[in-house]
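Asks: What follows is the residue order along each chain.
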Amino acid sequence: MKVLAVCGFGVGSSMVLKMALDKVAKDLGIKVEVENTDLSTAKATEADAYFTSAELVSELENSVKNPVYPIHKFMDKNEVKEQFEKYLATLKEE
Amino acid sequence: MDNKLYEIFNEKNVIIENKDMTWQEAVKIASEPLLKEGKITDVYVENMMKNVEVNGPYMVLTDYFALMHAKAGEGVNEVSMSLLVNNKNIDLEGKPVRIFMVLASVDKSSHLEYLQKISEILLDEDNFNTILHGEKEKILQILKNN
Chain W
1 MKVLAVCGFG VGSSMVLKMA LDKVAKDLGI KVEVENTDLS TAKATEADAY
51 FTSAELVSEL ENSVKNPVYP IHKFMDKNEV KEQFEKYLAT LKEE
Chain S
1001 MDNKLYEIFN EKNVIIENKD MTWQEAVKIA SEPLLKEGKI TDVYVENMMK
1051 NVEVNGPYMV LTDYFALMHA KAGEGVNEVS MSLLVNNKNI DLEGKPVRIF
1101 MVLASVDKSS HLEYLQKISE ILLDEDNFNT ILHGEKEKIL QILKNN
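Each protein sequence line maps, in turn, to chains W and S.
Numbering follows this note's numbering, in which position 27 of the first sequence is assigned residue number 27; successive positions increment by one, without gaps.
If you want this note's numbering, it's the 1-based position in the second sequence plus 1000.
By construction, these hints were calculated from the structure, which means they are not laboratory data.
One thing to keep in mind: the hints can contain errors.
Claimed, not checked - A few chain S residues facing chain W, derived, Cβ under 7 angstroms:
no., residue
1, L1115
2, L1123
3, N1127
4, L1140
Beta carbons are placed, not taken as given, at the ideal position from N, Cα and C, and that holds for glycine.
Next comes chain S alone, as it looks inside the complex (with noise of 0.2 angstroms):
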């Protein structure tokens, strides 16, 4: 495969925090960068909380762990992908979410290789715990690795 992780992932878009919040407030810090990066539009962010509020909370693929999403190229201008990772539990309509992690596509297949080495790298116990203990820089080191 030729897409690497650490093309889509930098200092900017991997966030840590360590606050109490409401996953709505999650979304939009997560979704923050690629805002300003002009990846994604407020609309994507928009759709993103209404894929939660309509479809309920599937989008929690593991304890912890939920990636946010919504249609493909509704508000999206380049596939991109951001990180939010608190320390504190966010309830997400009844599950617990500590790592949000935004999935921005422009079409149904230019974003596949990404979410394939996402699913990897989380899939390994070790690399889901480093990434749920939150330290920016054994992130960063995991996503550049891959």
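Isolated chain W (complex conformation) (with noise of 0.2 angstroms):
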């Protein structure tokens, strides 16, 4: 499994963003690669789901197939938790 943590630069909050997806899935024990990228490039980047703030969202849902979900506090795990879970539910409905 391959998700990307994206922020308009690629410098700062994405990096903020990963550390944050990396904990989530260790607590839950779940293996995920994580990258952290800026918009331009994530939009020619595949993964499985991405992870980007509200305000990118629909941007970055244009531009890729798979699904995009909305973060607004990068460092908040119970929220990055929950978004992390709602990807997860749909592997499981597969």
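Join the two chains, each given in its own frame, into one complex according to the hints.
Replies: So, in structure tokens, the structure goes:
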């Protein structure tokens, strides 16, 4: 499973989000490869799911085929966990 | 990793306050030590405030914590950070903040190791609560250990 953490410049906030996703995945005992990147690179990068700020969701959704989840507070573990679990739930349905 | 937080945080750039202030005042207070040491210029302080005005309060990464930053290299002479903890809530465009961390980077990568360590510390609930409670000695201790 590969997921992307995306922010506007790919320098600061996306790395913070990546670390939160890593931590959540570890807590849940799930193996996942998380990469962080900027919006334009993300558009051209294939991943199973994308996590980004609410403002960037629609732009990213237009360019990628897999689901995009909004995160309002990149370091809020509860919110990140909730969104990550939403993605996991879609896997079970398939 | 080679870069340690204790190389960047010290007695002078960790500030504890306990008063009502606006977020603009908080950014200025937090930036003061870096300005004095010549690590950043007024341009960077203005750019951080503009970033909030233009892009909204996305730098509030979790409740009570804002990572203030602006474009790398503009008004930055040296990669540097500072920390202001206020014991009263400060309104940042609708979000309550007590911890203002200033991050100034010269390029796109030199600050990443520091940011990674900071994230590790803040994602730990015990450490986060210690910082939020604003006891300078304890905060410096956490930063020195990483």
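Asks: Are the hints correct? Go through all of them and say.
Replies: Checked hints:
no.	hint	result
1	L1115	holds, 6 angstroms
2	L1123	holds, 6 angstroms
3	N1127	violated, 12 angstroms
4	L1140	violated, 21 angstroms
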